[in-house]
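Each chain, letter by letter, is given below.
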Amino acid sequence: MLRLDCLRSIHSELENSLVVTIMGAVAAELQSLGHRPNFFYLQHAMGLASSTGLGLAMCLPEQRVIVIDGDGSLLMNLGSLSTMARYRPKKLTHVVFDNESLLSVGGFPTATSTGTDLEGIARAAGIPQVSTVHSLETFQAAVSNALRENELTTIIAKVDAKGPAAYVTNLSLLENRFQFRRHIQSLKRV
Amino acid sequence: MFASFIECQHMPVSLTSSKVIYDALKECDIRLVSALPETWLVHLIRLADDDPEVILVRLAKEEEGVGISAGAHFAGVKSAMLMQNHGFLASINGIVSFAHLYKIPLLMLISYRGSFGERDPWQTQGGNVTEPLLRALGIPYSFLDSVDTVKKRIQQAQTLSESSLQPVALLLTRDLMWEE
Numbered sequence: 001m002l003r004l005d006c007l008r009s010i011h012s013e014l015e016n017s018l019v020v021t022i023m024g025a026v027a028a029e030l031q032s033l034g035h036r037p038n039f040f041y042l043q044h045a046m047g048l049a050s051s052t053g054l055g056l057a058m059c060l061p062e063q064r065v066i067v068i069d070g071d072g073s074l075l076m077n078l079g080s081l082s083t084m085a086r087y088r089p090k091k092l093t094h095v096v097f098d099n100e101s102l103l104s105v106g107g108f109p110t111a112t113s114t115g116t117d118l119e120g121i122a123r124a125a126g127i128p129q130v131s132t133v134h135s136l137e138t139f140q141a142a143v144s145n146a147l148r149e150n151e152l153t154t155i156i157a158k159v160d161a162k163g164p165a166a167y168v169t170n171l172s173l174l175e176n177r178f179q180f181r182r183h184i185q186s187l188k189r190v
Numbered sequence: 001m002f003a004s005f006i007e008c009q010h011m012p013v014s015l016t017s018s019k020v021i022y023d024a025l026k027e028c029d030i031r032l033v034s035a036l037p038e039t040w041l042v043h044l045i046r047l048a049d050d051d052p053e054v055i056l057v058r059l060a061k062e063e064e065g066v067g068i069s070a071g072a073h074f075a076g077v078k079s080a081m082l083m084q085n086h087g088f089l090a091s092i093n094g095i096v097s098f099a100h101l102y103k104i105p106l107l108m109l110i111s112y113r114g115s116f117g118e119r120d121p122w123q124t125q126g127g128n129v130t131e132p133l134l135r136a137l138g139i140p141y142s143f144l145d146s147v148d149t150v151k152k153r154i155q156q157a158q159t160l161s162e163s164s165l166q167p168v169a170l171l172l173t174r175d176l177m178w179e180e
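Sequence lines, in order, name chains R and V. Residues 1 to 190, numbered by this note's numbering, are exactly what the first sequence covers, in order. Residues 1 to 180, numbered by this note's numbering, are exactly what the second sequence covers, in order.
Hints were generated in silico from the structure; no laboratory data involved.
Mimicking DSSO-like on lysine-lysine, the simulated pairs with C-alpha atoms at most 30 Å apart in a straight line are:
(1) V:Lys152 to V:Lys26
(2) V:Lys61 to V:Lys103
(3) R:Lys188 to V:Lys26
(4) V:Lys78 to R:Lys188
(5) V:Lys19 to V:Lys152
(6) V:Lys26 to V:Lys103
(7) R:Lys90 to V:Lys26
(8) V:Lys78 to V:Lys103
(9) V:Lys61 to V:Lys151
(10) R:Lys188 to V:Lys103
(11) V:Lys26 to V:Lys61
(12) R:Lys90 to V:Lys103
(13) V:Lys103 to V:Lys151
(14) V:Lys78 to V:Lys152
(15) V:Lys61 to R:Lys158
(16) V:Lys78 to R:Lys90
(17) V:Lys19 to V:Lys61
(18) R:Lys90 to R:Lys188
(19) R:Lys90 to V:Lys61
The shape of chain R in the complex, shown without the other chains (with noise of 0.2 Å):
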């Protein structure tokens, strides 16, 4: 399973949420499929990712948020699971793509290669709806399924460790960051 193809699987329904994705591969094709006002691209920061969305939702309790997370930074930030299951946000989705590498800094292994169960420790941390998928249907179903449901959902996606020819694009951090705040300003004058 590619996260391009999953990423494109789910792109259309990203349009009504506040989407926070980590860096690397996965910023680089969620914008060349789209750049929405919505999405935010955590350019750094490696595991913070899931705490912003978390902060997003606490403080946005009726807006859905989506955290598109990966291995490598959520093995950076466990403990975001356990503050994540402390609270609860109804509407946050956490979405972990697990390519059991380092791969925009030359494909090294991480500890999801060698046995290290991402599933059990999001379960283990209190999250309430923990699953792995490993087909792109059971994918978007997942998501998809999360999106309508009102409890945090981990959906844990296994896939191929390949991404994009680059990883820079042509949207500025500071660009992207302000015009966030600007999308969620505006929807809060609705």
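Dock chain V against the given chain R, drawing on the hints supplied.
Just chain V, lined up with the frame of chain R:
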């Protein structure tokens, strides 16, 4: 856990100063507080926990608070971070590669352990490096050292943080936080 909670009750952390700090945060319209407990912060955290107008986020590690506060900023909610100086040390990558990189305002209230008067040997090394690191990172900082100036200094710190879109630190000193 219960034992340590009881122990905190007998520690001379200033409830009066904690209330002055908390009231000043409320006057600045702080609506979210992230925190990781440490002795000097017990009253502040309890005040936030008891306040229905404030979202208290109890963290596993202080760096998470950078992401939480960034999310709050995007949401249009003003936030503050309560941490020990060792928690500041643990947050530095998040501060640099999120708050500085993306120009995110952070109001950081940092208990200044390991400075003059410190009896706990394990706090002393962190005390040595706190101010040099704040300076190295280019983080504007000041001290909360007297109840008379707490309110104004917190307001000024928040004003600078919001206007400059960057982290600003206030060091909570022993003189303010400890009564003995």
